[in-house]
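Peer 1: Going line by line, the protein sequences match chains A and B. Number 259 in this note's numbering belongs to position 59 of the first sequence; there are no gaps in the numbering. Number 15 in this note's numbering belongs to position 13 of the second sequence; there are no gaps in the numbering.
Please keep in mind that the hints were generated in silico from the structure rather than gathered at the bench. The hints are all genuine.
Taking lysine-lysine pairs in the DSBU-like style, the calculated list, with each CA pair at most 30 Å apart, reads: (1) A:239 / A:380; (2) B:153 / A:455; (3) A:455 / B:191; (4) B:322 / B:344; (5) B:191 / A:428; (6) A:512 / A:455; (7) A:455 / A:401; (8) B:57 / A:455; (9) A:428 / A:380.
Partner residues aside, some chain B positions facing chain A, computed with beta carbon under 10 Å: (10) 155; (11) 156; (12) 157; (13) 158; (14) 159; (15) 161; (16) 175; (17) 176; (18) 180; (19) 182; (20) 183; (21) 184.
Where is the CB? At the ideal position from N, CA and C, for every residue including glycine.
If you want the building blocks of each chain, they are given just below.
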Amino acid sequence: MASITYRDALNQALAEEMARDDSVFLMGEEVAEYDGAYKVSKGLLDRFGDRRVVDTPISELGFAGLGVGAAMVGLKPVIEFMTFNFSLLALDQAINSAAKMLYMSGGQIHLPMVFRGPTGAALQLGAQHSQSCATWYVHAPGIKVVTPATPADAKGLLKAAIRDEDPVAFMEGELLYNVKGEVPGPEDGDFVIPLGLADVKREGSDVSIVTNGAMVHLALTVAAKLEKDGVNAEVLDLRSLRPLDVDAILATVRKTNRAVVLEEGWPYVGIGAQIVSIIQDEAFDDLDAPVVRVTQADIPMPYAKNLEVMAKPSVQRVVDACNRVLYRN
Amino acid sequence: MATTVHMEALSPTMEEGQVVRWLKAEGAAVTSGEVIAEVETDKATMELVARADGKLRKIFISEGGVAPVGSVIAVIGAEGEDISALLPDGATAQAGGGGAARPAAAAEVGAPTARAAASVAVPPEAQPAPAAVAEPTVVVEEPRSDGGRVKASPLARRLAADGGIPLASIRGSGPGGRIVKRDVEQAAKEPAPLARPALPPPSDADYADVPLTQMRKTIARRLVESIGPVPHFFLTIDVDMTRVVDARKRVNALLDSRGIKVSYNDIVLKATAVALRQHPNCNSHWGGDHIRQFNRVHLGVAVAVDDGLITPIVRDAHVKGIAQIAEEVRELAGRARERKLKPDEYTGATFSVSNLGMFGIEAFTGVINPPEAGILAVGALEERAVVEAGQVVVRPRMRITMSCDHRVIDGAQGARFLETLKAILEEPLTALV
Chain A
201 MASITYRDAL NQALAEEMAR DDSVFLMGEE VAEYDGAYKV SKGLLDRFGD RRVVDTPISE
261 LGFAGLGVGA AMVGLKPVIE FMTFNFSLLA LDQAINSAAK MLYMSGGQIH LPMVFRGPTG
321 AALQLGAQHS QSCATWYVHA PGIKVVTPAT PADAKGLLKA AIRDEDPVAF MEGELLYNVK
381 GEVPGPEDGD FVIPLGLADV KREGSDVSIV TNGAMVHLAL TVAAKLEKDG VNAEVLDLRS
441 LRPLDVDAIL ATVRKTNRAV VLEEGWPYVG IGAQIVSIIQ DEAFDDLDAP VVRVTQADIP
501 MPYAKNLEVM AKPSVQRVVD ACNRVLYRN
Chain B
3 MATTVHMEAL SPTMEEGQVV RWLKAEGAAV TSGEVIAEVE TDKATMELVA RADGKLRKIF
63 ISEGGVAPVG SVIAVIGAEG EDISALLPDG ATAQAGGGGA ARPAAAAEVG APTARAAASV
123 AVPPEAQPAP AAVAEPTVVV EEPRSDGGRV KASPLARRLA ADGGIPLASI RGSGPGGRIV
183 KRDVEQAAKE PAPLARPALP PPSDADYADV PLTQMRKTIA RRLVESIGPV PHFFLTIDVD
243 MTRVVDARKR VNALLDSRGI KVSYNDIVLK ATAVALRQHP NCNSHWGGDH IRQFNRVHLG
303 VAVAVDDGLI TPIVRDAHVK GIAQIAEEVR ELAGRARERK LKPDEYTGAT FSVSNLGMFG
363 IEAFTGVINP PEAGILAVGA LEERAVVEAG QVVVRPRMRI TMSCDHRVID GAQGARFLET
423 LKAILEEPLT ALV
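Just chain A, with the same shape it has in the complex (with noise of 0.2 Å):
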């Protein structure tokens, strides 16, 4: 066990699946001589060669069909998008390839990749770079979504989304690599954390916050910050969209008897839509309160510091939320 980076929980399940298993490779843009865009794949190169960490052009339709090719056939793909932005080109491999081979094949075609990078808003990278696209992958039946939060979660969840045996998209946080935090280490045997199950990451009994992500942090902010009104909230992170741990929102949920779903995406039709509805329809009589979501405003992230700010859920939105809820004024 030791306390090290998110970015480094990655490199360090990468670098496990990799010697475990030798149809494990990564391929992406910068991966290989530069050692990740974001240093995701530090001292990949070195220790296993090219044939298993391959440096592409800039081409991402291209090598995300060159992955589901190469998973047909047997190996175990790890496609990296320098961030899930520029895998809006690769959809149609991913959704109509990946997502789909396995029941147009009648069962017969498995496809075990990973789609794995950053997703969400940065620091003024503008429109077109700080999109959260989970999204665009949850809502096609066929591949599973997967949002670590923290370092022991990226670990444990991308060592688990490797060995599926059908495609997983593996959403990370540009924000999040830096963050730091307890991770079993390989002397600690083989960490993995099954998909589909969510983790309370603080327990309480007056309100649930379900969130996933970044935005994790953000409800662990706001929660601490409730605390000190006399407010005891609980905060659930759903590691993985899909599968969704059903279970464990309706547990929440019967819990504290009021919800508030926060997201980093644009509210129309985003994950908290889901969730809410969810909630409504399985535990509608444990509700003593509307479910109030709080997301990104319903506009393209804007570049100017401000209005970017501005755009994106804050500590006070979440709190106004709660107090919605509780029916504080």
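Following the hints, complete the assembly by docking chain B onto the known chain A.
Peer 2: Just chain B now, kept in the frame of chain A:
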């Protein structure tokens, strides 16, 4: 063998009922004859009993919900028994939290079958489950917006149901008056209030709409049925009450040791009963194709209750002494205010008396309660200047106005009855001989 629970006709004139409170929650064991719900009818709050043993498997109407007589409102069956055949269209057999109302499917609601014809004397006993409803396609309507739908969070509904607190009695602190968890918790700490619909929260608006209670709806409907079709005319007399004032003092002195106090109205009731015996044509019901003249006098005594009025009955008033009449009126009025009258206690009067004297009303005209043929409106007893033997003197006087159904009572007949009544009141000993 699973059975359906119907909204029963708990009074002969009842057309719909409002569930005030479920005494049993979904899943609870019930035995035949056990009270499972309190239902507000057109006049009073009644108990609904289970007609079978088993578990209350499904409730289709939540507290505050209104359903027509005859509709299916719940199912009793054994644990695990398949009850799908008994469910109204559109409902599912999932276990839910305490009695959530199911959305109605499009099936027509069966016509109320238990309405007694107004033209015949009603039987004193309330009839249980009406004949027409066995089909599972009769559905329960959602609580109506005109009936005062209560806004409450799903959790608050469940907590109130579990705690046996009528939602209608809880004041909501959420947006729009929504009842939320803390309101239910608060109400649980307070003593149980009477079940009545919550008034809208005070506001600065120019008006506030007050939802109609069952009683108001009934009063509105019944009296329109009266003033409309019934050809009313009105006769007024002014009665010298000197001897009544004196008699009352003496009677109350006699009754002091028994703890009974006789009021002026009790004396008027007795005098009316005696007078009616002598004028059976006024102690009558309009029967459409006949007039029923009664030999016994059952007087309906109008009692003002919260938000309305009801007429509990003093039966055989012609043979009861005023002490007994006084006691009965007191007892019935008390229970009327608590909405605890049984149907046979407010149906079956032959004639009615209404008194607004305590409000200083000099005289007024009452609306007849069909199928009765008349009603007396008693005004205030006041000292007035009158002329006796050419002199102006001060006497206690009381004006009584009789409303008559002209199909049953003609002017002269009504006048003769009032003449008799006046004679009795001006010389009470007349009633003794």
